[in-house]
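Q: When you get a sec, could you build the whole thing from the sequences and use the hints?
The listed protein sequences correspond, in order, to chains U and L. Following the numbering used here, the numbering of the first sequence begins with 1 at its first residue and continues without gaps. Following the numbering used here, the numbering of the second sequence begins with 426 at its first residue and continues without gaps.
For the record, the hints were derived by calculation from the structure and aren't laboratory data. There's no promise every hint is true.
Claimed, not checked - Calculated lysine-lysine pairs in the BS3-like style (CA-CA distance at most 27 Å, straight line):
#1 U:LYS88 - L:LYS526
#2 U:LYS252 - L:LYS507
#3 U:LYS402 - L:LYS526
#4 L:LYS526 - U:LYS386
#5 L:LYS549 - U:LYS386
#6 U:LYS388 - L:LYS579
#7 L:LYS579 - U:LYS386
#8 L:LYS562 - L:LYS507
Unchecked claim - Partial list, derived from the structure: chain L residues whose beta carbon lies under 7 Å from chain U:
#9 ALA527
#10 GLY541
#11 PRO544
#12 GLU598
Quick caveat, the model's predicted, so the values are computed rather than measured. Note that CB positions come from ideal geometry on N, CA and C, so glycine has one too.
Chain residues, written in single-letter form:
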Amino acid sequence: MKVRQLIFGLAVACFLAACATANESYEIALKRESKGDASKSPETAVSEPVDDAAAYQLAELSPGERPPVDSDEAGLWMMMDKAEDRVKTSGRRYRDKALNDYVRDVVCRVSRDYCRDIRVYIMRVPYFNATMAPNGAMEIWSGLLLRVQNEAQLASIIGHELGHYLRRHSLKRMQSVIDTSGGLAAFQVVLATVGLGSLGNLATLAALGGLQAYSRDFEREADGYGVVLMSKAGYDPKESAKVWERLTREQKADDEEGSTYSFLSTHPESEERLAALKLLANKVQPQHPEGRDSSVTFRAVMRPYRGVFLSDELNLRRFKRTEELLKILREDNGEQPELLFYQGELYRLRNEKGDRERALATYRKALSVGKPPAEVHKSMGLILLKTKQRDAARRSLAQYLKEKPDASDARMIQHLMQGNRGEGK
Amino acid sequence: MFRRPSIILFFVLAGCAQFSLVEPTQRVTVAKVYSVSPSTTWSGFTTQNWVRWTVDGPLLQALTFIEPVETGRPLLDISEPKNLPLFNADMTAPEVMELFKATMQQMGLHQLAARGLEPAEFGKISGFRFDFTAVSKDGLNYSGFAAGAVQSDKLHLVFYTGSQLVYFEKHREDARKVIQSIQLQKT
Numbered sequence: 001m002k003v004r005q006l007i008f009g010l011a012v013a014c015f016l017a018a019c020a021t022a023n024e025s026y027e028i029a030l031k032r033e034s035k036g037d038a039s040k041s042p043e044t045a046v047s048e049p050v051d052d053a054a055a056y057q058l059a060e061l062s063p064g065e066r067p068p069v070d071s072d073e074a075g076l077w078m079m080m081d082k083a084e085d086r087v088k089t090s091g092r093r094y095r096d097k098a099l100n101d102y103v104r105d106v107v108c109r110v111s112r113d114y115c116r117d118i119r120v121y122i123m124r125v126p127y128f129n130a131t132m133a134p135n136g137a138m139e140i141w142s143g144l145l146l147r148v149q150n151e152a153q154l155a156s157i158i159g160h161e162l163g164h165y166l167r168r169h170s171l172k173r174m175q176s177v178i179d180t181s182g183g184l185a186a187f188q189v190v191l192a193t194v195g196l197g198s199l200g201n202l203a204t205l206a207a208l209g210g211l212q213a214y215s216r217d218f219e220r221e222a223d224g225y226g227v228v229l230m231s232k233a234g235y236d237p238k239e240s241a242k243v244w245e246r247l248t249r250e251q252k253a254d255d256e257e258g259s260t261y262s263f264l265s266t267h268p269e270s271e272e273r274l275a276a277l278k279l280l281a282n283k284v285q286p287q288h289p290e291g292r293d294s295s296v297t298f299r300a301v302m303r304p305y306r307g308v309f310l311s312d313e314l315n316l317r318r319f320k321r322t323e324e325l326l327k328i329l330r331e332d333n334g335e336q337p338e339l340l341f342y343q344g345e346l347y348r349l350r351n352e353k354g355d356r357e358r359a360l361a362t363y364r365k366a367l368s369v370g371k372p373p374a375e376v377h378k379s380m381g382l383i384l385l386k387t388k389q390r391d392a393a394r395r396s397l398a399q400y401l402k403e404k405p406d407a408s409d410a411r412m413i414q415h416l417m418q419g420n421r422g423e424g425k
Numbered sequence: 426m427f428r429r430p431s432i433i434l435f436f437v438l439a440g441c442a443q444f445s446l447v448e449p450t451q452r453v454t455v456a457k458v459y460s461v462s463p464s465t466t467w468s469g470f471t472t473q474n475w476v477r478w479t480v481d482g483p484l485l486q487a488l489t490f491i492e493p494v495e496t497g498r499p500l501l502d503i504s505e506p507k508n509l510p511l512f513n514a515d516m517t518a519p520e521v522m523e524l525f526k527a528t529m530q531q532m533g534l535h536q537l538a539a540r541g542l543e544p545a546e547f548g549k550i551s552g553f554r555f556d557f558t559a560v561s562k563d564g565l566n567y568s569g570f571a572a573g574a575v576q577s578d579k580l581h582l583v584f585y586t587g588s589q590l591v592y593f594e595k596h597r598e599d600a601r602k603v604i605q606s607i608q609l610q611k612t
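A: Following this line, the structure appears as structure tokens:
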């Protein structure tokens, strides 16, 4: 019995590690995929994606179902319940009612009979990610909400996560870890007794690769569920592939060296994934006659939060990726003053050669097309101060205070307007 | 998502650090340049390029002294996260506050809101101060204030943080007195 408990404990530890991998943003997984061709091994060539919608009709979990208390799955749920308690009180959690009600509504539309079993937590984390725990706790990160173009794309990610839930992927993964780690230990003992202990490491690698391939199959299956469930909810299934096209664009713009663990990637290759999503989208019929994307509603709900999402994104200081993201958002929305303001902020914060001029030109463009945030005048003033255009700087800073008379940094701005630097240089 | 070992380093690793008592008996020099007169007894420890003083534990309240930061260097001299924003000697006070906010967000403080940026004397030279609030990953609310100045093209920065429940207020005045007593030493 103790041996079984030990293996279960080991499996839980491995499972938690697997959670950490699964919880890595899709961006990281994508980075691995797009750079991993050189290290691609035959082991990554696992089963072909299924393009038949009928294959994604099965749920292994009934609405309202909870696992028997004496099962391994109940232990898994208990762990996830504790983790969910931490999420509930997390400082990252967005509690705004309007935002939560909207996302919850989309989740219910996609999950239908399972709606009451799902708890949704919107987290202020500027990476693209969503997670689904086996107990029904779903996290959606602000970086995802910033990047999806419409409600249909959000629904496709929610459908993907529900696929993991309905097919009990977490439990299967944990059981797979138990099986693999048990077999692995036995294999290593055998190797050691014949003096080939070092080969144990190769076995470990091969076994882990197998686990990850198993995980990639789960991802493929979840992708399929995403397309089918969003389609059943009336969304245009063709929007699903577009999410990955947008992420791929961002990834390609970012030439930072990424992880070398492409062999351990948990997601299918991007191109294969895109092809499978497109193929399946052509085969399923949305309930809505033309398949809706609900762009207008989505944009209206997200608009009040977009500035904060973009500020958080800029605080990550990964300028190439953010520049591509802003390009995508401007393609979606047109040259909106707010987006142009943040484009200018990117140049100002990056501060490379020519960036001050680029920032000023972009701020002016923002002002020419509408009413950007009042901070545009402050940012212009700070650049103009540094370029010794003091009169123009004073005018910009005065305009900032005029548009934002209750600015909390008003005393410092006035100090700068009087020709002081605001610090000791 | 376990991508922030830095937060452990910054807030928790103090458990492994070598603490020493800082008595309120005489003027002491901290982080190479800050000569200060403490008004109460603190426990201090040094990590990387910063020194932290605390009374009840660094997760509850801490007064942090950053060694002078040169152009092209991050506020905190650590290898992860890799994209910490870099200081530039021509930054104005609002830009230094932005630098602080972005650094702290990457270090794992959330919903950081800074306000009240104003000119303030720092170590007998013209500088700035501002207040901020933030929430830890686990949902603990923090308050804090920071003060600093740029001298000889280097950023000098000291900030105090404490959990809003009891500990921020408990030694807020002591921290303010320490910052007020700063005399900058030549580096």
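Q: Now look at each hint and say whether the structure bears it out.
A: Hints versus structure:
Under the criterion of a C-alpha separation no larger than 27 Å, the hint pairing LYS88 (chain U) with LYS526 (chain L) is consistent with the structure, at around 24 Å. Only pairs whose Cα atoms come within 27 Å are accepted, and LYS252 (chain U) paired with LYS507 (chain L) is accepted, the gap being roughly 19 Å. A distance of roughly 25 Å separates the Cα atoms of LYS402 (chain U) and LYS526 (chain L); the hinted pair therefore holds under the 27 Å criterion. Annotation: proposed proximity of LYS526 (chain L) to LYS386 (chain U) holds, straight-line Cα distance about 22 Å (limit 27 Å).
As the CA atoms of LYS549 (chain L) and LYS386 (chain U) are separated by approximately 25 Å, the hinted pair is consistent with the 27 Å bound. At roughly 21 Å between alpha-carbon atoms, LYS388 (chain U) and LYS579 (chain L) fall within 27 Å of each other, so this suggested pair holds. Only pairs whose Cα atoms come within 27 Å are accepted, and LYS579 (chain L) paired with LYS386 (chain U) is accepted, the gap being roughly 17 Å. Distance check on the hinted pair: LYS562 (chain L) and LYS507 (chain L) sit about 20 Å apart at the alpha-carbon level, within 27 Å; holds.
With a least beta-carbon distance of about 4 Å to chain U, the hint placing ALA527 (chain L) at the interface is held under the 7 Å criterion. Among the interface hints, the one on GLY541 (chain L) holds; its C-beta lies about 5 Å from the nearest C-beta in chain U, closer than the 7 Å criterion. Satisfaction of the interface hint for PRO544 (chain L) is found here, the shortest Cβ-Cβ separation to chain U being roughly 5 Å, below the 7 Å cut-off. The criterion of a C-beta within 7 Å of any C-beta in chain U is not met by GLU598 (chain L), whose closest approach is roughly 22 Å, and the hint is violated.
Hint 12 from the earlier list is the only one contradicted by this structure; the remaining hints agree with it.
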